[in-house]
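Produce the complete structure using the sequences and hints provided.
There are 2 protein chains.
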Amino acid sequence: MPMMPVTDSMFLLVETREHPMHVGGLQLFTKPDGAGDDYLAKLRHDMLENTEVRSLFRRRLAKPVNSLGYLAWVEDNDLDLHYHFRHSALPQPGRVRELLELTSRWHSTLLDRHRPLWEIHLVEGLNDDRFAMYSKVHHAVMDGVSALRHLQGILSDDPSATDCPAPWGSRSPQRPRRPRPGPFDLLRTARRTTEQLAGLAPAAVRVANEAFREHRLTLPMQAPRTMLNVPIGGARRFAAQSWPLDRVRGVASAAGVSRNDVVLAMCAGALRDYLIEQRALPDAPLVAMVPVSLRTRSDGGEASGNQIGAMLCNLGTDRTDPAARLAVIARSMRDGKRLFKDLTPLQVLLLSALNVAPLGASPVPGFVNNTRPPFNVVISNVPGPRKQMYWNGAKLDGVYPASVLLDGQALNITLTSNGDNLDFGITGCRRSVPHLQRLLTHLDTALAELEYATR
Amino acid sequence: MPMMPVTDSMFLLVETREHPMHVGGLQLFTKPDGAGDDYLAKLRHDMLENTEVRSLFRRRLAKPVNSLGYLAWVEDNDLDLHYHFRHSALPQPGRVRELLELTSRWHSTLLDRHRPLWEIHLVEGLNDDRFAMYSKVHHAVMDGVSALRHLQGILSDDPSATDCPAPWGSRSPQRPRRPRPGPFDLLRTARRTTEQLAGLAPAAVRVANEAFREHRLTLPMQAPRTMLNVPIGGARRFAAQSWPLDRVRGVASAAGVSRNDVVLAMCAGALRDYLIEQRALPDAPLVAMVPVSLRTRSDGGEASGNQIGAMLCNLGTDRTDPAARLAVIARSMRDGKRLFKDLTPLQVLLLSALNVAPLGASPVPGFVNNTRPPFNVVISNVPGPRKQMYWNGAKLDGVYPASVLLDGQALNITLTSNGDNLDFGITGCRRSVPHLQRLLTHLDTALAELEYATR
Chain A
0 MPMMPVTDSM FLLVETREHP MHVGGLQLFT KPDGAGDDYL AKLRHDMLEN TEVRSLFRRR
60 LAKPVNSLGY LAWVEDNDLD LHYHFRHSAL PQPGRVRELL ELTSRWHSTL LDRHRPLWEI
120 HLVEGLNDDR FAMYSKVHHA VMDGVSALRH LQGILSDDPS ATDCPAPWGS RSPQRPRRPR
180 PGPFDLLRTA RRTTEQLAGL APAAVRVANE AFREHRLTLP MQAPRTMLNV PIGGARRFAA
240 QSWPLDRVRG VASAAGVSRN DVVLAMCAGA LRDYLIEQRA LPDAPLVAMV PVSLRTRSDG
300 GEASGNQIGA MLCNLGTDRT DPAARLAVIA RSMRDGKRLF KDLTPLQVLL LSALNVAPLG
360 ASPVPGFVNN TRPPFNVVIS NVPGPRKQMY WNGAKLDGVY PASVLLDGQA LNITLTSNGD
420 NLDFGITGCR RSVPHLQRLL THLDTALAEL EYATR
Chain P
0 MPMMPVTDSM FLLVETREHP MHVGGLQLFT KPDGAGDDYL AKLRHDMLEN TEVRSLFRRR
60 LAKPVNSLGY LAWVEDNDLD LHYHFRHSAL PQPGRVRELL ELTSRWHSTL LDRHRPLWEI
120 HLVEGLNDDR FAMYSKVHHA VMDGVSALRH LQGILSDDPS ATDCPAPWGS RSPQRPRRPR
180 PGPFDLLRTA RRTTEQLAGL APAAVRVANE AFREHRLTLP MQAPRTMLNV PIGGARRFAA
240 QSWPLDRVRG VASAAGVSRN DVVLAMCAGA LRDYLIEQRA LPDAPLVAMV PVSLRTRSDG
300 GEASGNQIGA MLCNLGTDRT DPAARLAVIA RSMRDGKRLF KDLTPLQVLL LSALNVAPLG
360 ASPVPGFVNN TRPPFNVVIS NVPGPRKQMY WNGAKLDGVY PASVLLDGQA LNITLTSNGD
420 NLDFGITGCR RSVPHLQRLL THLDTALAEL EYATR
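Sequences listed follow chains A and P, in order. Read in order, the letters of the first sequence are residues 0 to 454 in numbering that gives the first Met the number 0. Read in order, the letters of the second sequence are residues 0 to 454 in numbering that gives the first Met the number 0.
It is possible that some hints are incorrect.
As the list makes no split between identical chains, a pair holds if one copy fits it or if it spans any two.
Claimed, not checked - Below, simulated EDC-like cross-link-like pairs (lysine to aspartate or glutamate); rule was C-alpha separation at most 20 Å, straight line:
#1 394 with 419
#2 62 with 14
#3 41 with 128
#4 386 with 245
#5 41 with 100
#6 394 with 17
#7 386 with 77
#8 62 with 17
Hints were generated in silico from the structure; no laboratory data involved.
Structure below.
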């Protein structure tokens, strides 16, 4: 029984009803030419024939699953594919709006810890005859970056390719199972786990105590208190939309900034408009936590979360002029104010939640009002497919990430490049972030304003 | 802030990911004559206009919701009806099978503790043009009997009545809100809660210790160990079907037994066939826990769970002859072997789970194998509407209860009378009870065999 590295188990240990720790993704497909009425039924049938399940998707928690003891994965020899792969439909009128509503519901419920920690929905009933897929994987199994890599691995840039595996499969041949570990191997794994735990714990304690709780560490920026930095409930809202990469590229080259700066400026403009609408725009500029990849091109194989860092970015939401906001953002990102360089963005997020509801302790009423958030919002740009991709002939129109929320961070914007588009997925706490879908309109406005300002 | 009686709060305290403590119900409707294509869209729209929410459905837990401190309800002044009332659709081909599959999924997920503890799905897409409604209410808010009473309260026996309230509404005028309690009232409520707790705790401790854990109390029957009496996972299966009340009545009068005896014999025959199929029929007869109402006709108003008792019934599953099984069951029910008369059936169920996974303690591996279950299955017959009922002209074809499962009791059969039918709802742990829907076939066979044996 392989021990679970603490980087996996921490996501299980901190998970509660209000803080599901899974990452989700919504994919939108156009059916191939000539697809008949029975296309989806046949597709579903064919997929269920794919019983070759990638080892990551076969492992489940060793029992007991709800004690502090679950530091081990075991292989599920009795995987119930009909449980994990679900057939779903949109109610009338079958617009994207109904798809987002269903996605919100799916993203709000916990995965079953007695089974491999993933679910995939094949969704019919879109009024434009496209179909969708929503997938959900526990963060202990894979992070958002790895999930996107996995998705790319099952797709093809050839529209006529018909050998794409099911989403739980794998194109690369499964590595042969290692021989059963002997007692010394187990000891060694145990020691390795302890070392990782030892490596993480002091950092976590240091950050939690010094940075947030005792205010001794000076953060590189001062984030204002906002309506987004509150304790959250368990229900989610999800919104998604694509924008042409060319439009973002155009602003970037006209202003002499990076594409990511433009994306951040879109988000800044949208957040400003949203907060004004909610009569909740703070005087001080919002601060975003921006994960940055420290991976080099040569890193192959499974992504390790520890090759990512986190930057703080001044979003300039106090500026009325879009061009001025873009300049503030570009300067802020150039300054490279690194937040907690020893920790991954998700660890940073976890620690920011300590600020609101101390983990492991009972919530202290009013605590949230007495401390400032380390940042206001997570904005994450995850690399996706560079070319137009297909899945057994079906054209991938969009791939929208749905992310993890924690106390104190009620909104997350994650986007990914997908061929000629940038696909934005916005995840919010249903209670704290009303009218989330308006952020889509505001993002659109913000991009148009940036184009106008840099024309 | 009214204190929560311990009879409510216990369902919140014992709830875990694997043991959601809500009751569900699936209702099937035929649209009224002349219903157009936009019937459901209009229905949904009209329902959302019904913002008059019954006080039970407006209350939510006072924060913090996940500590042992949540002994109080507060009124949710910001109820999000679009969250609680959901619009859903069946995937193709839209058979009852797809409806049951979706119901299983909905019944497997936890309610959000930050909101009033209920959800209702309006379901379209049935291939026979009917529609369905799935509702889910936390047991802390209402038990199965009260949920059925509430349903009857919103229906009408007049097909032309158009004044039926929404499922969250109430026909009876809301009682005026009591004046805010003074400090003495609060003290009194606190004292009353303490008394209830004191009243329950010794009984619970006595039963848990004496009956199950230290084996000192001799149960009136010896239930065998079976595949149904194991720790359960969080996922559920749900199956449902109606049988004509006349057929059951026919067997009852031919055999000179009660209708409930016939129902129990149907279940006994079905369980026998199922366990034979699974190669898991024990030599000794299965023992059912059968809730019995101790209510008198004159009891009006809100049902209190404490007016129900629990009987043990020998299901005679060791007999091959259906008539002999029926005779064993009728005799067993006449003997009236009462189980724990101071406790409600759900308290009994809770305590039976202690046997498998001691609450509050970490699970002891192998514990389940060392003790015998107090009973093998819960079979519950809940009174439903006596006449054919309608909801704003839509004919109620079926009302199928979905129940609570706990460790050690992986299967629950709950049925309700509905006009000329008996509607059976079967809830099972997805992991422990494979091919649950076969029980429907076996129930049908068992009824036919009983008819043949008593013809």
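Violations among the numbered hints, reported as their numbers in ascending order:
6 and 7
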